[in-house]
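Take these sequences, add in the hints, and give me the full structure.
Here is how the chains run, residue by residue.
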Amino acid sequence: MKNFSSKSMRLRFLKVSTFALLLVLTSLQGFAELKIQTSATGLPVSEETVKAGEALFKAKCQSCHQLDRRTTGPALAGVTERRELDWLIKWIRNNNELRQSGDADAIAIYNEYNGTAMNVFADLSDDQIKSILMYTENGPLAVVNDGGPTEPTPVDEGLFNRTNKILFFLSLLVFIVVVLIIKTIDVVGKLTGREVIPWNNINAALMLVFLIVGMIAALYEVSIHSKYLLLWDSSSAHGEAIDSMMRITFIITGFVFFVTQILLFYFAFKYRAKKGVKALHYPDNDKLELIWTAVPAVVLTILVLGGLKAWSGINEAPAEGTRQIEVFAHQFAWQARYPGADGKLGNANYNLISETSNPLGVAIPYKAEEILKELEADIEYYENAITELPSKLGDLKSTLGGRVGSDLKSHQKLIDDIESGSEQSFYELQIRRRNTQIKRIKTSLEAGTLYIDAAKDDIVSSEIHLIENEPVTFKFRSRDVIHSALMKEFRAQMNVVPGIPTQFTFVPTKSTKQKRLDLGNPEFDYHIICNKICGNSHYNMKIKIVVESKKEYEKWMSEQKATFVKEEAPAEAPAVAPESMEVEEESGEIALN
Amino acid sequence: MSNDHGHHKQSFISKYVFSMDHKMISKQFLITGIIMGVIGVSMSILFRLQLAWPETSFPILNWLFGDQWAPEGRLDSGFYMGLVTIHGTIMVFYVLTAGLSGTFSNLLIPLQVGARDMASPFMNMLSYWFFLLSSIVLMSSMFVATGPASGGWTIYPPLSALAKAMPGSGVGMTLWLVAIILFIVSALLGGINYISTVLNMRTKGMSMNRMPLTIWAFMLTAILGLLSFPVLLGGGLLLMFDRLAGTSFYLSDIFLGGGVGALEQTGGSPILFQHLFWFLGHPEVYIIIMPAFGITSEVIAVNARKPIFGYTAMIISLIGISVLSFLVWGHHMFITGMNPLLGTIFLVMTLIIAVPSAVKTFNYLATLWKGSIRFTNGMMFAIGLVSLFITGGLTGIFLGNAALDISLHDTYFVVAHFHLVMGSSAIFGMMAGIYHWFPRMFGRTMNKTLGYIHFWLTFISAYMVFFPMHFQGLAGVPRRYYSFNILPEFAPWLDVNVFITLAAILGGVAQIIFLYNFFSSIFAGEKAVQNPWQANTLEWTAPVEHLHGNWPGEIPTVYRWPYDYSLPDADEDFIPQNVPDKGSSEEIHVAPVTPETSDAKEPKEDNVMLFTLVKNWLGLGKA
Amino acid sequence: MLAAAKMDEYSNRPGKMHPKKFSLMLLIVGMTMLFLGLTSAFLVREAEGNWLHFDLPTEFIYSTVAVLISSASMFFALRSAKQDNLISVSIGLAITLVAGLSFVYLQYAGFNDLASRGIYFSPANGSAGGLVSGSFVIMFVALHLLHLLGGIVFVAVVLVKSLLSQVHKKNTLSISMCNTYWHFVGVLWIYLYLFLYFAPQF
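Residue numbers (my numbering), protein chains in the order written: chain A, 1 to 593; chain B, 1 to 623; chain C, 1 to 202.
Please keep in mind that the hints were generated in silico from the structure rather than gathered at the bench. All clues stand as given, with none of them false.
What follows is a set of in silico ranges between Cβ atoms, one per label pair, in the way DEER data are often shown:
id, chain 1, residue 1, chain 2, residue 2, range
1, A, Ala-294, B, Leu-327, 17 to 23 angstroms
2, A, Ala-205, B, Asp-581, 38 to 44 angstroms
3, B, Ile-136, A, Ile-251, 45 to 51 angstroms
4, A, Gly-42, B, Phe-143, 44 to 50 angstroms
5, A, Val-277, B, Phe-12, 48 to 54 angstroms
6, A, Ser-398, B, Phe-18, 50 to 56 angstroms
7, C, Thr-172, B, Ser-140, 40 to 46 angstroms
8, C, Thr-32, A, Asp-68, 57 to 63 angstroms
Ideal placement from N, C-alpha and C gives every residue a C-beta, glycine not left out.
Have a look at this one:
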């Protein structure tokens, strides 16, 4: 891969430094773009804070929020003007807790979004949350097309402008006139007994026209879109086998496509009914049938054999000692867990999951104890909630008056839920669930086999780092529903199923840096994106993959904290590396080169 | 015994509402199927507005769906998935299964095999009413507080099993399951009737190998349905239990956010659902396309004035497709982490099933060759079906190849593939059938000019909508995405989305032309003659005005196969099946049937089995 | 009604089954597929492990005996109909009905036995570990019971018809169809019982 001739070194340096320049320039561009002077967060407004906030926003919030419009969750621009800072911090860190404490706003939001709960971000510090909020106040730093709408485009502009409306009605008018003319001609034809318009010949000719225009259009589309297709330049070892299979299939099916469509439309045109010409009564030809059964069979057999070869290559069991990374999916984000210095992943179990203290449910004894305490507190909360139901109902009923619209609806729903008994059943169900969970955790603690030492040095991260040209096995685990990890550049995909661990092994053969050069895009990154409908934010669930040299990887790894080492001082630095760190790495790398 | 009950006194209710006459029931299926189709297509246009113009606010969305589901005129992301889900459910089941099989099997089976009605007219009536009830239940799920089912029409658990995983997985999902159970009952009742009628109630001389290809297709479709729908019923039942009774058939190791926490269920397998679902799901797509094929065979033969090329080969292909369709379901599950050996088996079987479909296509081309083609509306849609099926079927070859499926599964490539084979091809088959048999159903003809406009606009828009999607899929764009802003490399496809949505709107508008033509022709269309297309099959020997019991007097006796078109020595270019022996090119049949008295024993020919057919075709049987 | 008149054309053709009876056989094919699909699911799941094996209640053995008795009496009733022995028809049908109802009772007793051992349909009631196997077994038995109840209704209807002297040599269609369905439900039970009994060895 690395060529040390001086000529290519110079070339490489040139390419890379142009890149660096572009990067620096793009980041410099934002320098003058602070839109706000003061912030409701109380922190001094600075470019660094906004950038840090932006990075956190992209890592944590973007799967459900945009600034300028509602997606899965509300639009966040100006949120600090709508809500108090203290409330926001509590909500963002643990909206479930806020809701359970009876906060009316929290409950209202939950109902407005049809019971879709926001994720819990217990690991964010106050400062981190404030930086995110400052980002929402300021907006993105880099200048995109100025005048991007901060409100959804109102109807009169954009699509439904006057010109479009006029065009639409005009074409409707033209269409109606054409239809009326045709109908008149038809009626005339019926009265005179002759067919005025030779429809049969017209349609036959149209068949031919459609063929020609269609073929041109198809070829045109191939020509403009081929550069986006994943048919070349894969970034994994098995990728080329798949790509070449894909190209061969494309060519074969393309050939059949052209031949059969041409025959179809040509025959339709040529054999249109002509006066005095009778059809040929030709009911069958067994030899022909055999031929066109055998030929597709043979061609398909070739494709099958090629496919089998590729398929078995991909499904080969990984070699002993292949690096393993657990990729954990949940609604609506991914986490990666690295085995740490001992090279072995610890165990995990869904009963040990706690959104605040152990989101991946890794089997560590002290974490298990922590969770037992949380669960017992939960049970107490639910038991209290049950006893307080009558008085809560009274409160709700007395404050019902004077409410309107969706506020009234959600308030009434709360009342209905209590009166129908469903609220109480829910609490009882939760108590039963927590008790089952406690029992299971206690059983596992007694048995002890789940809690292996390998877990102690595991590292949880929101980024996946891979070493170029080294095989890696992704061990997939889902927390809630079926997700699917699609890694398109690597020609890899695997369902992530709760209760059934899956895995995929491959060798990344092209580093992120190299891919950026290939594409001429300094901002490119590899990602896993979710590819199985998993809920309201399915369309925004991704995690970045960085493919780098072994040295870079080890440098990054050395900067990661072992997630499960108990620390006395509360960690200010996040266990999650925000994206901004990568820029510094880049500049560092350039200097070395 | 006279069977003339033409003047049998019927009330409005028993004639038009609770009718047990197969012709009326077929019209009921058709109208309900069309209404559901309009709803389904409208939903697709509405949700495509989101894909094309994600930042634009559309007041119509807010007007239709209210603040809850389309706040500020933009679809809620969960409700978007609800529309996608119900769109898929409606189109696959309600339009293309009930609307297609239900209509044409009911209309044509008794008329083409020469029976007075179905084996059990009462069960037939029930079949329709269960279908209607199912439709109502499904549509009612749009109005519940938590919204309609939203996990895709494939409703995989755990997403579809857990009300807290997605709003649409609440009551809406339960109603979806109820609707599907009712639908399955309807499909089974209908299918049983179809099979029974074809096998037991054919008229004298109508041996199996004198049946039109439509009947073969409908019968095999019904057999497929009978064997596969119950498995979906089982899978759906288990899902219902998981939802309502806390069982763990499909659920295991689940922790839900939002304060719910760890669930108790262990030991379940979500993949089990997929097996049970796709065991129906795959035959289902053949249940959809085979009637369309059957209709196409008939329409092309009649309008090219030629026998369908390779009648026996067509039958064997249909049978081959039917058998193989039960062995390929795993190709929907290549990337679930299944045992690679299993994947290998499904890969091989899937590519084998491409062969009979290819054979059918070539046979259609050969039928057109040296024909004398009349471009009736039905014929144009039939030709359109062949074109669309070629395009869609070829992309199936990519997807059946497991290694390629790794990159293509659940991307827009799959969406393009199934919309071309089902959403376009099969719909064109349905349209061909409607135009072709409208005179038989309503005693009038549809306006052919409007038909031409309808065809061309629909055909062009179908390609414009679905062809570009292949490229989106090959670029890695996933399906069921509310918006494309997850990755910058998807940005080039935003313009394509606009193009596709505009083409879809054009296609939708074209259907308005059809709807106007269809409904106005029912009441004010030109009155039809008895055999407007000069076809050979028996349904055209019945009088234009519908009779209870179909024929006044005796049922016609059949003397030849249905494809004696353009016989060299004949006066006309067609010879209906009930015209006695005058030379025929059917080689397979053992001997022509001589007219018999009614006490004679049933001729053995009526039970010519498939084996004899195959033997003859291979040149091994007696001439 | 026209329907009945039409059916007369088809009911006495030599060598051919009455279309309605044929339709019933098709329905039975469909029901068989339902159980085949679910028993396959059972086998696949069982092979994955974490599966509690437990003994079936003895009440289910008595159920099987009831099945055999009812099938015998059903056969007797049909044969009596063909011989125009009207009283025997009613007796046969009555015995079948009683045997059927006792089957239902024995099933209920079987469920109670399972519950007493902590095996419930829904693991949420706190049943023993390896929860899914209990759900499957109970599901099979209950689904079969549902189909049996349909059969019981059918038998009752035919019994009433026979008491009204409408079941005789010239009109065996309904009792013949009832016979077919009843045997099917019986065979289905035997299949399920043997399947579940031998399941641990698969």
